[in-house]
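Asker: Got chain A; can you put chain B with the ligands on it based on the hints?
So the protein sequences, as listed, match chains A and B.
Mapping the first sequence onto our numbering, position 92 (from 1) lands on 92, and the numbers just tick up by one.
Mapping the second sequence onto our numbering, position 18 (from 1) lands on 18, and the numbers just tick up by one.
Take the hints with a grain of salt, since some may be wrong.
Which chain B residues face chain A? A few, computed with CB under 10 Å, are given here [to be verified]:
#1 Thr58
#2 Gly59
#3 Ala82
#4 Gly90
#5 Thr97
#6 Ile99
#7 Glu100
#8 Ser101
#9 Glu106
#10 Thr121
No lab work stands behind these hints: they were computed from the structure.
Just so you know, these numbers come straight off a predicted model, no measurement behind them.
Note that the Cβ used here is the ideal one computed from N, Cα and C, for glycine as well.
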Amino acid sequence: MSFASERNYLQDRGGAWLIALVTLTIVVVPILNLAVPPESPLHISTYTVSLLGKYLCFALLALAVDLIWGYAGILSLGHGAFFALGGYAMGMYMMRQIGDRGVYGHPELPDFMVFLNWTELPWYWYGFDSFPFALLMVLLAPGVLAFVFGWLAFRSRVTGVYFSIITQALTYAMMLAFFRNDMGFGGNNGLTDFKDILGFSLQSDGTKNALFIGSGIALIAGYLLCRYVVDSKLGRVLISVRDAESRTRFIGYRVEHYKLFVFVLSAMMAGVAGAFYVPQVGIINPGEFAPIVSIEIIIWVAVGGRGFLYGAVIGAILVNYGKTFFTGAFPEIWLFMLGGLFVVSTLFLPRGVVGLFHSLKKSLAEGRLKQEDEQTPMAEEKA
Amino acid sequence: MEGGIHIPTNILYMDGVTVSFDGFKALNALSLVVAPGELRAIIGPNGAGKTTMMDVITGKLRPDTGEVFFRDSIDLTQYDEAEIANLGIGRKFQKPTVIESLRVEENLYLAMAGDRRVFSTLFARQTPQQKQRITEILDLVGLAEKTVDLAGSLSHGQKQWLEIGMLIIQEPELLLVDEPAAGMTDHETELTARLLRDISGERSVVVVEHDMEFIKALDCHVTVLHEGHQLAEGSLARVQEDERVIEVYLGR
Ligand SMILES: Nc1ncnc2c1ncn2[C@@H]1O[C@H](COP(=O)(O)OP(=O)(O)OP(=O)(O)O)[C@@H](O)[C@H]1O
Ligand SMILES: [Mg+2]
Numbered sequence: 001m002s003f004a005s006e007r008n009y010l011q012d013r014g015g016a017w018l019i020a021l022v023t024l025t026i027v028v029v030p031i032l033n034l035a036v037p038p039e040s041p042l043h044i045s046t047y048t049v050s051l052l053g054k055y056l057c058f059a060l061l062a063l064a065v066d067l068i069w070g071y072a073g074i075l076s077l078g079h080g081a082f083f084a085l086g087g088y089a090m091g092m093y094m095m096r097q098i099g100d101r102g103v104y105g106h107p108e109l110p111d112f113m114v115f116l117n118w119t120e121l122p123w124y125w126y127g128f129d130s131f132p133f134a135l136l137m138v139l140l141a142p143g144v145l146a147f148v149f150g151w152l153a154f155r156s157r158v159t160g161v162y163f164s165i166i167t168q169a170l171t172y173a174m175m176l177a178f179f180r181n182d183m184g185f186g187g188n189n190g191l192t193d194f195k196d197i198l199g200f201s202l203q204s205d206g207t208k209n210a211l212f213i214g215s216g217i218a219l220i221a222g223y224l225l226c227r228y229v230v231d232s233k234l235g236r237v238l239i240s241v242r243d244a245e246s247r248t249r250f251i252g253y254r255v256e257h258y259k260l261f262v263f264v265l266s267a268m269m270a271g272v273a274g275a276f277y278v279p280q281v282g283i284i285n286p287g288e289f290a291p292i293v294s295i296e297i298i299i300w301v302a303v304g305g306r307g308f309l310y311g312a313v314i315g316a317i318l319v320n321y322g323k324t325f326f327t328g329a330f331p332e333i334w335l336f337m338l339g340g341l342f343v344v345s346t347l348f349l350p351r352g353v354v355g356l357f358h359s360l361k362k363s364l365a366e367g368r369l370k371q372e373d374e375q376t377p378m379a380e381e382k383a
Numbered sequence: 001m002e003g004g005i006h007i008p009t010n011i012l013y014m015d016g017v018t019v020s021f022d023g024f025k026a027l028n029a030l031s032l033v034v035a036p037g038e039l040r041a042i043i044g045p046n047g048a049g050k051t052t053m054m055d056v057i058t059g060k061l062r063p064d065t066g067e068v069f070f071r072d073s074i075d076l077t078q079y080d081e082a083e084i085a086n087l088g089i090g091r092k093f094q095k096p097t098v099i100e101s102l103r104v105e106e107n108l109y110l111a112m113a114g115d116r117r118v119f120s121t122l123f124a125r126q127t128p129q130q131k132q133r134i135t136e137i138l139d140l141v142g143l144a145e146k147t148v149d150l151a152g153s154l155s156h157g158q159k160q161w162l163e164i165g166m167l168i169i170q171e172p173e174l175l176l177v178d179e180p181a182a183g184m185t186d187h188e189t190e191l192t193a194r195l196l197r198d199i200s201g202e203r204s205v206v207v208v209e210h211d212m213e214f215i216k217a218l219d220c221h222v223t224v225l226h227e228g229h230q231l232a233e234g235s236l237a238r239v240q241e242d243e244r245v246i247e248v249y250l251g252r
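Chain A extracted, bound-state conformation:
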């Protein structure tokens, strides 16, 4: 069997499993939450539903990062910025939905603006009372930022670690900007105290389950989109850029255009993940722009398996489950564990959990073949 056919075979199988599992989860979990009475041991609490929804958003974010890092070799250490921008766009919509139900009861202005003695809505808040407009911004805000930033960086052929460093600088600069009260995004408190989305109360179990299901659907859609891109001819060009960037140019591909395309697509996916995340956790603040947040995403992908789309999903869910568990049980050691995890996965699991699984499976298969060989007299004769 050749390497190549094996590679595709396994990738498709993993994807099918992933979609089946996510589908199952978004069907079963809401049933166990809504239809099974709380006394039953099978009941899942609403808190858990939102927690799982958060994991699904992180998985989508990891997928976006794997698309550029695993396939095009672009290591972005600033993807938290795109996630946060999508989150802010959704947050602005939900702020406007509050209307006059805020603490100050102003018909139009969010509380923090009243508190700052502002008298009218800044122009960039216009339109966010409309849900379709907000959705558009969920895509456009990260997309435009990625386009401008990527255009400048890729055109000047900034690559490798230099690119990673400037993406860190980007997200850090965004954090400092969003911390400022006069930016008009709520300063260090960010946006919070949301009441409802599309008229449905964010406190209700129904809405929470709907957001959870939506996150799962977004993850599946994101997976299928990435799969399409990766399997297309363009996906081959991306791999070529990753492994032999200069060679790709000499065959006639404008590498900077390809990088820009995939970078913008990835940023938009991160924005969608942020938009599902914010209503489920109920807050968005500049902390999401912190450089460490973006680095954590890279750890998820590295642990799961860079260059396998479903590996990124597995990594995001595993690491975040670990985070939930350990920050509850031993909060002081979590950061050390995270660092340790990164070191271990870089040193011993270059292809992550998924890569480990594949090599185990392969050596098992080879072991079996060997055994069969030994049992066959024909093989002995030949030897």
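Answerer: This is chain B with the ligands only, laid out in the frame that chain A set:
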């Protein structure tokens, strides 16, 4: 391509091209003219500037001074690598560079002449004609058995062949071939020479090689480079009699 309508006088025209690295002149007022359909061999000792010359033509390096024109009027110093490739100049590298984590057939598919724009590539579907063409090239370069193998698993010689296949399927007007025979058997070397001779006529081919048997088999005009400068030009027999050439090759 409008090649049939307008035949340029020169496919490649280089004059007074100088490239220096920290004061060291890798190319020193180099001039070279290649006619449409011509097959040209370039020889010269190590470090003569042969690869550097190809770097200049393909946009990898900008010359400090000098002119580089493609098809009489296209100033190549104004374009980048990808644009030059799309203008119709293809290159095989001295160190074989294929895309190792893609299959052999995928390497050819990427190199095949066609629309290189992002969205066309995203929605591209391989047509039966394209598949047919890839099969033809695989047969031509003797890699039919390796179709679905990863290019990284090929031997050095096979990578050379794959890269030659990529160059042919790209259908450039001018082919720059840097040391194609390295790592090949005598028989393969002979095949390569024949292949390049067949291609020329319709296209222009510039070949760099050290192997004199190979150059002889090409049976074409030879340019001798030395210290970034053209030392001699003519038939192989004439060049070999040139005293300066003898001195350069023997006096090392
Ligand atoms: N990027 C570079 N920086 C500094 N010096 C360089 C660079 N590239 C090439 N050179 C020098 O320029 C000279 C010409 O190199 P080039 O590779 O063109 O030679 P060549 O004729 O292709 O030799 P060979 O037959 O060994 O391939 C050499 O002395 C080389 O060391
Ligand atoms: Mg050379």
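Asker: Evaluate each hint against the coordinates.
Answerer: Now the hints, each set against the structure:
A cut of 10 Å between beta carbons decides the hint on B/Thr58: the least distance to chain A is about 6 Å, and the hint holds. Because the closest C-beta pair between B/Gly59 and chain A is about 8 Å apart, less than 10 Å, the hint holds. For the restraint placing B/Ala82 at the interface with chain A, the shortest Cβ-Cβ distance is roughly 5 Å, inside the 10 Å limit, so the hint holds. Restraint check, B/Gly90 versus chain A: the minimum CB separation of about 8 Å is within 10 Å; hint holds.
Checking B/Thr97 against chain A: minimum C-beta separation of about 5 Å stays under 10 Å; hint holds. A hinted interface residue such as B/Ile99 counts as satisfied when its beta carbon comes closer than 10 Å to some beta carbon of chain A; here the least separation is about 5 Å, so the hint holds. The beta carbon of B/Glu100 comes within 6 Å of a beta carbon in chain A, closer than 10 Å, and the hint placing it at the interface holds. A least Cβ separation of about 5 Å between B/Ser101 and chain A falls short of the 10 Å threshold, and the interface hint therefore holds.
Hint on B/Glu106 holds. Least Cβ distance to chain A is approximately 5 Å, under the 10 Å limit. For B/Thr121, the interface hint holds, since its Cβ comes within 10 Å of a Cβ in chain A; the closest pair sits about 4 Å apart.
Violated hints for the displayed structure: none, as all numbered hints are satisfied.
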